[in-house]
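Peer 1: The hints should help you fit chain B onto chain A, whose structure is shown.
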Amino acid sequence: MSVDSQTVRKIARLARIAVTDDEVPGLVEQLNGILGWVEQLGEVDTKGVEPMASVMPGNMRWREDVVTDGGIQDKVLANAPDAASGFFAVPKVIE
Amino acid sequence: MSALTDLSLADMKAGLDARQFSAVELAQAHLDAMAANRHLNAFIVETPELALAHAKAVDDGKRGGPLAGIPLGIKDLFATDGVQTTAGSKILEGFVPRYESSVSANLLRDGAVFLGKLNMDEFAMGSSNETSAFGRVISPWKAKGSDAELVPGGSSGGSAAAVSARLCAGATGTDTGGSIRQPAAFVGIAGIKPTYGRASRWGTIAFASSLDQAGPMARTVTDCALMLTSMCGFDAKDSTSLDIAVPDYAAGLTGSMKGKRVGIPAEYRLDGMDPEIAALWDQGIAWLKAEGAEIVSVSLPHTKYALPTYYIVAPAEASSNLARYDGVRYGNRVTPAGGNVHDMYAATRAAGFGKEVKRRIMIGTYVLSAGFYDAYYTQAQKVRALIARDFEAAFEKCDVLLTPTAPSPAFAFGAKADPLAMYLNDVFTVPASLAGLPAMSVPAGLSASGLPLGLQIIGRPLDEMGVLDAGLAIERAAGFSARP
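Sequence lines, in order, name chains A and B.
Mapping the first sequence onto the working numbering, position 50 (from 1) lands on 50, and the numbers just tick up by one.
Counting from 1 along the second sequence, just add 95 to a position and that's the residue number in the working numbering.
Simulated from the structure, these hints should not be mistaken for laboratory data.
One or more of the hints may lead you astray.
Stated by the list, open to error - One-sided and incomplete, this derived list gives chain A residues near chain B with beta-carbon spacing under 10 Å: (1) V3; (2) R13; (3) Q40; (4) V66; (5) V67; (6) I72.
Beta carbons are placed, not taken as given, at the ideal position from N, Cα and C, and that holds for glycine.
Just chain A, with the same shape it has in the complex (with noise of 0.2 Å):
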């Protein structure tokens, strides 16, 4: 499987990441080399083995499902690039 710069694009969109014209040809060849070399995994025989889930054993813990903070609008929006009347400001979303 390789890439052509209709996906390059495609994958941009999909990764948020804003690319230019001019950028695309270098990406296609970049993300081709890695992944025709990540390809040579298709050669293992894998029937049978389960993906691995957790590299330690072990089963996920509980806790009490109670408040365990909270109270810190301001920390939470100290590093805001746009804050305001105490949310989070973007651009308008909704026309």
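Peer 2: Frame of chain A, contents of chain B only:
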């Protein structure tokens, strides 16, 4: 007495306990060394006022603990309350966390003094520190007869350079595919990545969550042991944190190899292996044998698939983890004129991420996309299970594995411009990461060009003690005393 900055962490601790010098004197000696070595670009942020205040509190008896007064550098991947934390990325420039990562909080609890934040490859993606948005870190080492600047390794390159150049007693590192061990080897220091789950990931900026582990980097194995005990421990805030008691590694350290079986994985002897690396490995085998270890040959048949597996799993997890940098809650934002919120996301990420990070996010996005997920990601996680199984089988025959840490000594800037050539540098460190095993690099010798070379010890899950003991045995036998 030699310069304070030349002491090992253990000797600094002893000197402070005996009141031969104060914590403030020790901190100031390191701050002076930092100021004199800014050309290395090891620190992104220096925090001299904070360091001196911490040290004074130790001298005044207001702060104590096993690491009281020990000056440390903190990799910029750890969130530090009130101090800029960037992960080496422009997208987080100016981000000042209002909380402390669990690992750095543990070190503060134990009395450590923080000197500043250490430079690194952007989001820990790199093996040379060339991907940092804050400029490359320069190794304090130079090859014999050459004035060419060399890479300190990566991604914990600032940590490696700072410890090697005596700018701090020890430093935190993080290791996803070798980011503690490879830079440690390149600059002639020790570094250990514990078993996955030993060190909490809470507050450590995520790269690949199933692989990321914090660990110490220091000039001796004992120093690593002292820091490791402090850094590790159960943390309810990390769902993968292991609720298992952490031994006092420094107290338990013997360096004895009597009755231990050391496995030598046949597949690590690569075709065309650098003869210097092969010779160092043979020397390491001879050292451990002389210390009473039994040497056994073992096989890790899926070794050659470790790197391609890693370069599916790590970018896949990174593409998901880095989705949070959207210019809304923290970090930098770029809004094109008249653009909507989607344009803002795309422009913010295009401007904020460097080339290697974008490349990995795109690879990860592709391998996780509809129609390709099974062929890439599921297959990689299956091969990963086989790699872990290889190690399990090997550890039925031996207690630790001995391998080289890296296939070459430190290289020059720009020497590995092709991403694949750079990825291949992690050939010996990535397999243990995929299996979540504890592994360390110990300085073991110099190349003909006078550059440090390291040997790697890989242990069973949770057997950091066995890894450190073998590390100490090599450290003693090697008697590595070279310095930049």
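Peer 1: None of the hints should be skipped; say for each whether it holds.
Peer 2: Hint check:
1. V3: At 7 Å from the nearest chain B Cβ, V3 of chain A passes the 10 Å test, so the hint holds.
2. R13: 8 Å, holds
3. Q40: 6 Å, holds
4. V66: 12 Å, violated
5. V67: 15 Å, violated
6. I72: 8 Å, holds
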